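Chemist: Sequence:
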Amino acid sequence: TMAISGALAGLMAVNEILGVQHRLVLGFVGGAGFVGIAVALMGRSHPVGIVLAALLFGLLYQGGSELSFAKPEINRDMIVVIQGLVILFMGALEYAFRPALSALFFKPGD
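With the numbering used here, the residue at position 6 of the sequence shown is 6, and numbering never jumps.
Honestly, the hints are just simulated from the structure, not real lab data. The reader is advised that the hints may include incorrect statements.
As the list claims (entries may be wrong) - Have a look at the derived ranges for each label pair, beta carbon to beta carbon: (1) 22 - 97: 48 to 54 Å; (2) 4 - 84: 27 to 33 Å; (3) 104 - 18: 52 to 58 Å.
Predicted model, so just to flag it, every value in this text is computed and none were measured. Using N, Cα and C, we set each Cβ at its ideal position, and we do this for glycine too.
Based on the sequences and whatever the hints tell you, model everything.
Modeler: Spelled out as structure tokens, the structure:
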């Protein structure tokens, strides 16, 4: 699966470089690695979770772009900060609710 995902990512990049730019532009992936790792962590490496996390980050990214057109004083860095806060609070909430959820769903003898 790793080779297939790498091949698909390469095909996307070839389309962008050969079809649109006709050259390699520095930084054209612009933080895709951070977002990919964040999506995988938030989705817990589960296919449905990854799709939901990817939709959340896609909405944040596109909403930030639309918001920067409407209000020029809001820049891209603020959206990255919001993404970081979402990751931070999702991780913190998991550990805050884990003892209560495990007490609900697991018997004391298990």
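Chemist: Hints first: check each against the structure and report whether it holds.
Modeler: Okay, the hints, checked on the actual structure:
no. : hint                 : verdict
1   : 22 - 97: 48 to 54 Å  : 51 Å, holds
2   : 4 - 84: 27 to 33 Å   : 30 Å, holds
3   : 104 - 18: 52 to 58 Å : 54 Å, holds
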